[in-house]
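Chemist: Listed here are the chains, written in short residue letters.
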Amino acid sequence: MKTNFDFDQIPETGWCPGCGNFAILKVIKEALDELNIDPQKLVISAGIGQAAKTSQYINSNCFNGLHGRALPVATGIKASNPDLIVVAEGGDGDMYGEGGNHFIHAIRRNIDIVNIVHNNMVYGLTLGQASPTSRKEFKTPLQIDGVFSEPFNPIAVAISLGASFVARAFSGDMKQMKEILKEAVNHKGYALVDIFHPCVSFNKINNFKWFKDNTYYLNENYDNTDKMEALKKAFETDKFPLGVIYSNGKNKTFEENLIAYKNDKRPLYKREVDLEKIEKLLN
Amino acid sequence: MKNDISIVLSGEAGQGIRTVELLIIRALKNSGYNVFSTAELMSRVRGGNNTTEIRVSNEKIEAYVNEIDILIVLSKNAIFRIENRLTKDTIIIGQDNFIEEKYKNGQYIIKYIELSSLAKEVGGLIYSNVIIYGLLAGIFDVNINLLKESITKYFSTKGKEITDNNINAVIKGIEKGKELKLGIQVEKAEKIKNQVVLSGTESIGIGALAGGCNFIATYPMSPSTGVIHYLAKHSKEFGVVVEQAEDEISAINMIQGAWYAGARAMTTTSGGGFALMEEGISNAGMAEVPIVIHLAQRPGPSTGLPTKTEQGDLNLALYAGHGEFPRIIFTPGNFTDGIYLTQKAFNLADKFQVPVIILTDQFYIDSFQSIEPIDFNDFKLEYFVTKTDKDYKRYKNTEDGISPRGIPMQGDGFVRFDSHEHDEGGFITEYPDIRTKMVDKRLKKLESYSKESIDAEIIGSKNYKTLIIGWGSTYGVIKETIEKLNDNDLAFAYFKQVYPLPNNTKEILSKAKKLIIIENNATSQFGQLIKRYTGVEFTKHILKYNGMPFSIEEIIEKLKEI
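Protein sequences, first through last, are from chains A and B.
Per this note's numbering, the very first residue in the first sequence carries number 12; after that it's consecutive.
Per this note's numbering, the very first residue in the second sequence carries number 386; after that it's consecutive.
In short, the hints are calculated from the structure, not lab data.
Be a bit skeptical, because a hint or two may be false.
Here are the simulated DSSO-like cross-link-like pairs (lysine-lysine), alpha carbons at most 27 Å apart as the crow flies [unchecked claim]:
1. Lys781/B - Lys281/A
2. Lys291/A - Lys772/B
3. Lys263/A - Lys621/B
4. Lys578/B - Lys288/A
5. Lys52/A - Lys772/B
6. Lys189/A - Lys147/A
7. Lys618/B - Lys263/A
8. Lys576/B - Lys276/A
9. Lys621/B - Lys199/A
10. Lys573/B - Lys291/A
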């Protein structure tokens, strides 16, 4: 099915056959389309890595910037024009490693963006080193005796920092992934969607079957507005829960708090400069 | 009678010396005196020894002098750090127990005041600084009503009792000041009352607002932070998005997001923070994102001297960021230029889609001076955002290298910025031919800018044989020296743009027989740059890198050696 976000000519991707990114790309385009998002109003701010390349294959506005820096760029975009729908996209190394500090503070700001993180527990573009989410004992050409650091837990970190929407999806279930992404786009405030997906070239441990065997769906009675319950779920690692783990749309967003929008809702580019008023500062 | 008086206030951090400085320079200016002031601070919030120099003159002044005419001592241990700046004519004013015995054997003129008891009479030691404010006003000829007004305005939020006590303090100070009968009579001029007093920080802040700046993101770092404080203070009035970023890396990327979405954004930082921004600056070079960066230098490397001054980061600004891409660097030396150049920086960033760096330093930022009023009608706000059409290509190859820049939701096209090497549409490419074309396109923008490049200014004799070269904050001290020496063979070339080198560089240098360069750094970074581009040799490099600005006496002394 062709969406509004497809190019006339299908671009050549940089991904390996069987890569989980194909499913994620397809589902993002479909989800945005089904939500009737105007491609003119969408901006994808992406970092660098195999996941961040997704921005190159979506026909809309994009800022494909530096490794780890998609969130500050997204923050600048949204704060300058709150009418835009802003998605910050990258992989686990991009968002949780290089961009770790930005991840923490973007969440604290509660900027109204969707943060999509392709989490395959390995570095793909740099050929197979451990990522912050790699499991212990995972061997790589660099961690030759296996990883000994604790894996980064983005779900627990995000909930602890007051993230207003925290979800985990699996690229093997496109239907659920799409529902989660749609909910994330509709959510007012910062929304994290961490997507498990297999890397067919560099992670032979956490493959499709591993993700299937090591995840489960939150049941229908699960109350995702209960923060303490959500934290408990976040620490479950025997089997990882899939779904919207925490959701709270009550907090004011970053843009709503900004002084610049208190008396004037127009995006910054529509505003005039009052030189006479500025001249009065010189007294 | 001496028409140029230097006063130094010396005391501890936390004693309110800065308040005295802020109040007295305005009061003196409003009375018709030329004023200049500069603080020398230690990196601490309480204690230590801080000094502020205030100069009062019948002529325009904008530099630091070494010799102290009047020293006001506000605490113990406040003299030894500056004792080499005292002369036999220096008048020391202070409380008996604050002045160490070794200064009391007749080599200086000492006027004792019982500051603590005077302050207690008014309501407590906290009023000491305002008594000093009054005392200075009493030494000069400042109208008492003007002082009362300034107190009422300054302490307006503190309630009636505190304001009244401060008014009593200022009155006591004036009486004391007159009682001292120092016989100081600096000529006043009516026209000075129309001038405006501002700090270096304010010059950058006002220039930014006049350039349409409506977004600033910064990680605090001395001495640059005042600029974001200034914009925060005025953010309600002018609708500025002000954000304290989690680090400088975030700040430099945030402002790129802001420009992308149509804002006019800047960041302000010092050397260490700027170093962290380098990757982001390189991104602005590749993705052709306009950015404006204020870099207030302090002595490095590393943490260095956080509250002192230096011109040591020219090379940092010049070479920051991996890869090859154009940039523009301005180095204002006075506050009028600070306002004009910062204003212009936003137009130029918008037009050429390059990083524009305003390079100042602690001395520039923390000084105050009065300047002629500026006509804001002279300012033009030039916007270059274009409406996109369906086939819009962000990096369209053009004759001047400038690709029309669109923003999202303005037109029918998509705006695709890319940090990879890219084709005209903004998509990743690895084709060698496209790469070459794109590098050429980006570099061409510097040639295009050269048509608007800002010339170096010649101050002094037009028929000079000896030319002194300076940039940035040494402007005031070199200019005053030149004026004092009044030598027909001598002129000063003031570079307010250091990169690209101004178009008139070769021409002005070639007219001189002797070239002297003055820089507040150890390796003559600008001298090296000029030499590389023009091949000229300098007769002498006058360099200073102890954390302090040049004094006029020092420059005169060094010039004599040549």
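Chemist: Give a verdict on every hint.
Modeler: Evaluation of the provided hints:
| no. | hint | result |
| --- | --- | --- |
| 1 | Lys781/B - Lys281/A | holds, 25 Å |
| 2 | Lys291/A - Lys772/B | violated, 34 Å |
| 3 | Lys263/A - Lys621/B | holds, 19 Å |
| 4 | Lys578/B - Lys288/A | holds, 21 Å |
| 5 | Lys52/A - Lys772/B | holds, 15 Å |
| 6 | Lys189/A - Lys147/A | violated, 30 Å |
| 7 | Lys618/B - Lys263/A | holds, 23 Å |
| 8 | Lys576/B - Lys276/A | violated, 44 Å |
| 9 | Lys621/B - Lys199/A | holds, 25 Å |
| 10 | Lys573/B - Lys291/A | holds, 25 Å |
Checked against the numbered hints given earlier, this structure breaks hints 2, 6, 8; the rest are met.
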